[in-house]
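Asker: Here is what each chain is made of, one letter per residue.
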Amino acid sequence: MDALKQFFMTAPVDPAVFAQSLWLIIALPLLGAFVCGVFGKMLGRANVYLVACAAVAGSFILSVLAFWAVSHVEGGSPVAMESAFSAGRIRYAIGYDYGTWFSAGDFRVNFGLMVDHLSGTLLLVITGVGFLIHLYSTSYMEHDEGYWRYFAYLNLFVAAMLTLVLGDNLVLLFVGWEGVGMASYLLIGFWYTDNAKAWAGRKAFVTNRVGDFAFLIASFLLVMMVAAFAGQANQANFSQGGNQGERYRAGLVEKGPLSFQALENLATALPVSTDKAPGVAVTLESTIEKGPLAGFTFGGVLTVALLLFLLGAAGKSAQIPLYIWLPDAMAGPTPVSALIHAATMVTAGVYLFSRMSYLLVLSPTAMVTIAVIGTATSLLAALIAFAQDDIKKVLAYSTVSQLGIMFMGVGMGVFWAAVLHLVTHAFFKACLFLGAGSVMHGNADETDIKKLGGLRTEMRWTWATFLVATLAITGIVPLSGFFSKDAIYHGIHHSHLAGYEWAAGAVYYVGLVIAASTAFYMSRLYLLTFEGKRSPEAKIAHAHESAWPMTMPLVVLAVLSVVALVYALPLMPGRNGMQPVMENFLGPVFSNAERIAARGGLVELDRSVPKLGDYIFAWLVAVSGGVVAAFLYLKFFPSKAGQPAPAWARGVRRFAQNKFYVDEVYEFLIIRPVKTVSIVLFKLLDTLIIDTVLVRGTAWVTARVGSALRYVQTGDAQAYAAVMALALLGGAVYALIQVLQ
Amino acid sequence: MVPISYYLILAAALFCLGMFGVLIRRNALVVFMCVELMLNAANLTFLAFAKQNGDFTGHVSAFFVIAVAAAEASIGLAIVIAVFRSRGSINIEDMRTMKY
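Going down the list, the protein sequences come from chains A and B. Take the first sequence: its letter number 206 is residue 205 in numbering that gives the first Met the number 0, and every next letter is one higher. Take the second sequence: its letter number 5 is residue 4 in numbering that gives the first Met the number 0, and every next letter is one higher.
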């Protein structure tokens, strides 16, 4: 055991040396995207597959090395990184700064990359699941003519997502944030000749832009807040985190205000009030003295910035009010849905808040909003999923719902559990989506689960892996989904946000309903697709099992979604007894957030481990949903076949099937008014004033004046001479008058 | 000694004669001669002022004007001959084709 531990704690490459090569992790898929996109058609199908898969595989190997490097312990002291902002070193992290990207005045952004335990975990998920999905795609896209375009986009996505998690400042994160949005847009509209699919891509893009706008504004607010803080804080502030004011200001000059370290040190040096930290000049309650934000309190600005970040995250991670694009994003190829719209990109919001956990714990208002938004989204999506018949739509709403659960976790301060759920969700949801793709591939692209059925015997690998993943997402012991979801729920139930004591209970009990609903609709999906008899409406009589490049990733993901449960087991020694592996592992990342929360008292984070009774209760909730679904779809509905359903049932079903008319409400409340205003502005401002009056008006006046004045040109030289003589006369008269006066 | 104003009045009279000739005569050759008259009126003014100031700047200008007048007369007469060859007339009223 000790030898094994020693093996994992000794990196094969010196971390300080490896840190300089971090850029390669991003560069490999980027190069792959370039080669596939520019030379893809020339290279041919097999070479494109090779380049695309090899790029991601290489990136995966580098990620493993990076992950290894951040776990490196030498002589009892873990690997650590110099901080530009304080004398202390950042433990369990490596990073490298490649120099200034751009600067203007005091503002500066560096091209710096950093790996710690949080981004290391995400690196592995992105490149690992990404590689499996690349492999799967080689078989899934075997008949598609646009294969080179597809793999170029897919590699581009991986590169952008890696930028998002590797960047050590908000601006670089935003570059990745926009990059994944673009790749997502390109891939949703991959079959752009189909109008509906092209529109789905556009919808995703526009919806995301709303969020990105909020993200930018929030970043600007943080820049101004950091500047105000650096100007007003005194040494007592910085002593809070054992730091020096000069050191922090020097760091700002060197790395810029949007670097995560700048924000982390700011959070450490910003106490809640003066009673807790005597002598400090700046607290959350003190007002900003100078600049555009003068008059607002630090706490207020922070809360507003975090709420704007929430809107940004809601766009990317499909939460209310911007979740509507994700179900439509299923227009893209199924592996894309698995990679981008289930496993990685949509979890960017969870990553963002986990990354900024130290700011979050200073604002219970922002936290409770995140938790409530997550809960509402999760419940709404689960209810909509009840009545969807499209296999991918059910999975899409299920993704929205699971992301809501992660937001609940982040909002109530259970960061490590949210990240764990992110990882396990990446495994089982990717497995489900790839399974759905396999089902479609073997059934002539049929997506209506009412027209499938009985695939259990015909597609054995797909069936087995889909079953495992379904059990994982419904939360059945002993699969990873159960443990990660329960870790979130347990944390929610026992955490407290100052001023929002009702939140813990409310979010928890609604969460139970969500868990039962998840079990219900996932069981329904599974039963209708794989159990029972084959539907008479099926497109082809017998389904065929997919080739090995498609089933192999399924098996790997199914195994992972079982094995990942290890991370939720309390095996590691912590401060208060044993703690879950993942919590222990992510400890260095969230330790500052915990310290700030404990010091400020605004947020009380619970660190207890679920007891056996909690587990049994959670298990019963999940099973109850599954049993109801089994009863309804195996016994009740088949026995009632042929009889019309009662009117109320049909009404409810239609309401849910039409997604609670949210799209229609948005159409009526937002899109129509915006369109109307746009049309008025277009007609009035653009067509009338700019086009008609200004552009064509200028030309018209010039032409009219010209055609009037041309009659002056008579061709008579003596007439011209007469004009000159008159002018001379005028000049002479003027001169004479001047002289006489 | 003759006062300078006499010269200037004479020059102005010559200039006006020339100008009215240019404006009202129809014969292109006469118009040319009137142009020469105007140029020489200007010369006379230059010389009058030169004499008054006692330097030679005015003389230099007068020589320039004579040179320009020679060039102008040669080109002008060539044009008149060309017009006469193509139209058989040197009446200015027949030369109004370059118009709107």
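It should be emphasised that the hints constitute simulated quantities derived from the structure, not laboratory data. For glycine and all other residues, C-beta sits at the position ideal for the given N, C-alpha and C. The reader is advised that the hints may include incorrect statements.
Computed, partial: chain A to chain B, Cβ under 7 angstroms [stated by the list, open to error]: (1) E177; (2) Q717; (3) A720.
Negatives, chain A to chain B, calculated, CB over 12 angstroms [said to hold, decoys possible]: (4) T99; (5) D613; (6) V664; (7) A716; (8) A718; (9) A721.
Asker: Now look at each hint and say whether the structure bears it out.
Answerer: Now the hints, each set against the structure:
Here the hint on E177(A) is broken, as its CB sits about 60 angstroms from the closest CB of chain B, past 7 angstroms. Taking 7 angstroms as the C-beta cut-off, the interface hint given for Q717(A) holds, the closest approach to chain B being about 6 angstroms. Taken as an interface hint, A720(A) checks out: its beta carbon lies about 5 angstroms from the nearest beta carbon of chain B, inside 7 angstroms. No Cβ of chain B comes within 12 angstroms of the Cβ of T99(A); the nearest lies about 65 angstroms off, and the non-interface call holds.
Annotated as non-interface, D613(A) keeps its C-beta farther than 12 angstroms from every C-beta of chain B; the closest such distance is 99 angstroms. The Cβ of V664(A) sits about 66 angstroms from the closest Cβ of chain B, beyond the 12 angstroms cut-off, so the non-interface label holds. Annotated as non-interface, A716(A) brings its C-beta within 12 angstroms of a C-beta of chain B; the closest such distance is 7 angstroms. Residue placement check: A718(A) does not keep its beta carbon more than 12 angstroms from all beta carbons of chain B (closest about 9 angstroms).
The Cβ of A721(A) sits about 6 angstroms from the closest Cβ of chain B, inside the 12 angstroms cut-off, so the non-interface label is violated.
Hints 1, 7, 8, 9 from the earlier list are contradicted by this structure; the remaining hints agree with it.
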